[in-house]
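J.: Spelled out from the first residue to the last, the chains are:
Protein chains: 2
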Amino acid sequence: MINNTMKNYGNNRSVIRDLFEFGNQRKAVVGAENVFDFSLGNPNVPAPAKVNATIRELLDTKNDIYLHGYTSAQGDAACREAVVKDLNKRFGTSFRKENLYMTCGAAASLKIVLTALYTPGDEVVVFTPYFPEYRVFIETTGASVRECPCDPDTFQIDLIALENAVTEQTKSVIINSPNNPSGVVYTEDTVRQVASFLKQKEEDYGHPIYLITDEPYRELVYDGICVPFVTKYYTDTIVCYSYSKSLALPGDRIGYILVPDEIADSADVYAAVCGAGRALGYVCAPSLMQHVIEQCTGLVSDLNEYREKRDLIYNALTDLGFTCIHPDGAFYLFMKSPIADAGAFSAKAKEFDLLLVPADSFGTPGFVRIAYCVATDMIRRSLPAFAKLAECYAEELKK
Amino acid sequence: MINNTMKNYGNNRSVIRDLFEFGNQRKAVVGAENVFDFSLGNPNVPAPAKVNATIRELLDTKNDIYLHGYTSAQGDAACREAVVKDLNKRFGTSFRKENLYMTCGAAASLKIVLTALYTPGDEVVVFTPYFPEYRVFIETTGASVRECPCDPDTFQIDLIALENAVTEQTKSVIINSPNNPSGVVYTEDTVRQVASFLKQKEEDYGHPIYLITDEPYRELVYDGICVPFVTKYYTDTIVCYSYSKSLALPGDRIGYILVPDEIADSADVYAAVCGAGRALGYVCAPSLMQHVIEQCTGLVSDLNEYREKRDLIYNALTDLGFTCIHPDGAFYLFMKSPIADAGAFSAKAKEFDLLLVPADSFGTPGFVRIAYCVATDMIRRSLPAFAKLAECYAEELKK
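Residue numbers (my numbering), protein chains in the order written: chain A, 582 to 980; chain B, 582 to 980.
These are computed hints drawn from the structure, not numbers from a lab.
Just so you know, not all the hints are guaranteed correct.
Identical chains share a label here; the pair holds if one copy fits it or two copies do between them.
Distance condition first, Cα-Cα at most 25 Å in a straight line; then the derived BS3-like pairs of lysine-lysine [to be verified]:
{"#": "1", "residue 1": "K631", "residue 2": "K666"}
{"#": "2", "residue 1": "K643", "residue 2": "K979"}
{"#": "3", "residue 1": "K608", "residue 2": "K643"}
{"#": "4", "residue 1": "K643", "residue 2": "K631"}
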């Protein structure tokens, strides 16, 4: 009497959420300070001070209907105007507020775009490693996932693998840079090559192939690395964004979808986005947060704090002999499991109350994801546990 | 290349949203004070003072990770604990926090429950008049809608009509009391009769029929009217709630789903609810608002203000000769169109800048919905326009 697909999604939580819940239970037993939870991308660096200051100012100066009332389904006009103004200033683009649809965060952005575009039989290309919920969002639209392995050394996109993955049924390709979980930023060269390849395929097949760029980590980059703004390289680009990471507001659920005028069937895609948001029950993005975004879009939490955390954990773990992908962005360290079975490695780590996510469900077996967006002090205190873990694999780490 | 169903939902907005957007444009032309917008259920009565005071207190006393971080997918434990404690106190029930799943408002609650339960071929019974978005939420799960007309005089449920509507494919029945758009509250007698009928049908068919009770207006009742709490009358009841109306927070998107232990396959239904929330991209309900709910659940905006508005508009319009259903709850006045074509009547009203929603899409032609959750002053200022409208139908109103 129940939708079994949904029951299974409920009973088989994502491995990330599962570890997070395990961590919560374990903290109740051994004390929060003794659990080293690297499971969740829940930013520990505070929101920019202006976020809470803006909430206070709004409460002091605006009435309840403005603060808490419905906005238009596509989002408050002033909020959308502020967002595109900031994008245009930073990227030299010329978007209008009519290109923007405010959402309840990145998951909503992606789910809405996929629902807007997809009908059963269509295919979506994703690059491994990829955020495991992509599969849930895609498959529940009736479409199918085609995994495309990245270059195993650089974790950049492998063009030959892409050529094998794209078919006439490919309606879109999802990229995520800076990448969760690898921390890799796709270079301008990579983006150019992907764009040129997809343009050729669009001509070959005679239909658009949308490049959906899922970029909640866009501003979280270190050492002056530049993240190419994809709409400038490929015409049929749809941007999915969330403020969860840049403004450290993951629980508050606020983001957007950008549908540029230039993409094929732009008006129809925007209409379908509005329709999908409606059919999925979204009504409007949270209103108080939309008013906050109007003031705070373009800001970013303290990147120095993230870089400090990254350097601390990257250096410590490589010193212990672990092999890690050097992360240029986001707040994840992608570490090679010393044994083939990353699930078994993650289980062993749990014995030391180290919660590391095995990356099998990201489509890249043999790795774990370490979300280092945690208290720097926790990283420091976790290092002896990592050292003990390394001792368990002394033989393997010597190789 | 696009999902046409979604494109159509986007291009053919709900008649309510359409009027609301028309009103926004019209206000820009003739001035906000000259447009009498009764289209949207956007509460004009402010949130209880404790809501904004709680936000301020949270900002002053809690850290950003608590305020803005992810909660568990089913909702923050302390928030859920507070909600069930309040329900148990008010209704003498014994729910646990494990029965609760926090959502982004009523639309999300309904869409998640329907997605959790439904597979193509199933049927949902709804009573006319009903909130038009029900049809969108239901049909996009692949299920079909069976409309069941209410008693045309009392707008209570007509048991004989219900008997005709329920079939072996009926997986659930949705009730909404206090009702949007009629303002009618189902009596205890009505609820008992529906419960007894459905119990018999469950036995006849050998499978559960869930009663989904969509009750965002539960606390908005006048003159001491009592809203029966449905779980006490019918075992297989699932409650969908939103704080949009009781706390006047419609834009902030916060509500819940209650899955009692007693319902058939309770654990499976709860798992499917979690799975559906995940598949639809909800992640978690807005975190700051969850913390507000922990403090404010059970409060309600000033009912006296709503009653004053109701009495003002009901008395004025009946004095002008219009026939209106007397609303015991919610903040809608359901008024008979003086001509059969309520769309034409609504169009005529627009000429006087009166925005009244024709109820055809609610499944009850020949009526308009007047959302009187607006400034009392606006209601007063609108009365001359209503008088002019009445003059246009002087003949019909004499009958």
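J.: Now tell me if each hint is right for this structure.
T.: Each hint tested on the structure:
| no. | hint | in the structure |
| --- | --- | --- |
| 1 | K631 - K666 | within (19 Å within a copy, 35 Å between copies) |
| 2 | K643 - K979 | neither (63 Å within a copy, 46 Å between copies) |
| 3 | K608 - K643 | between (41 Å within a copy, 20 Å between copies) |
| 4 | K643 - K631 | both (17 Å within a copy, 16 Å between copies) |
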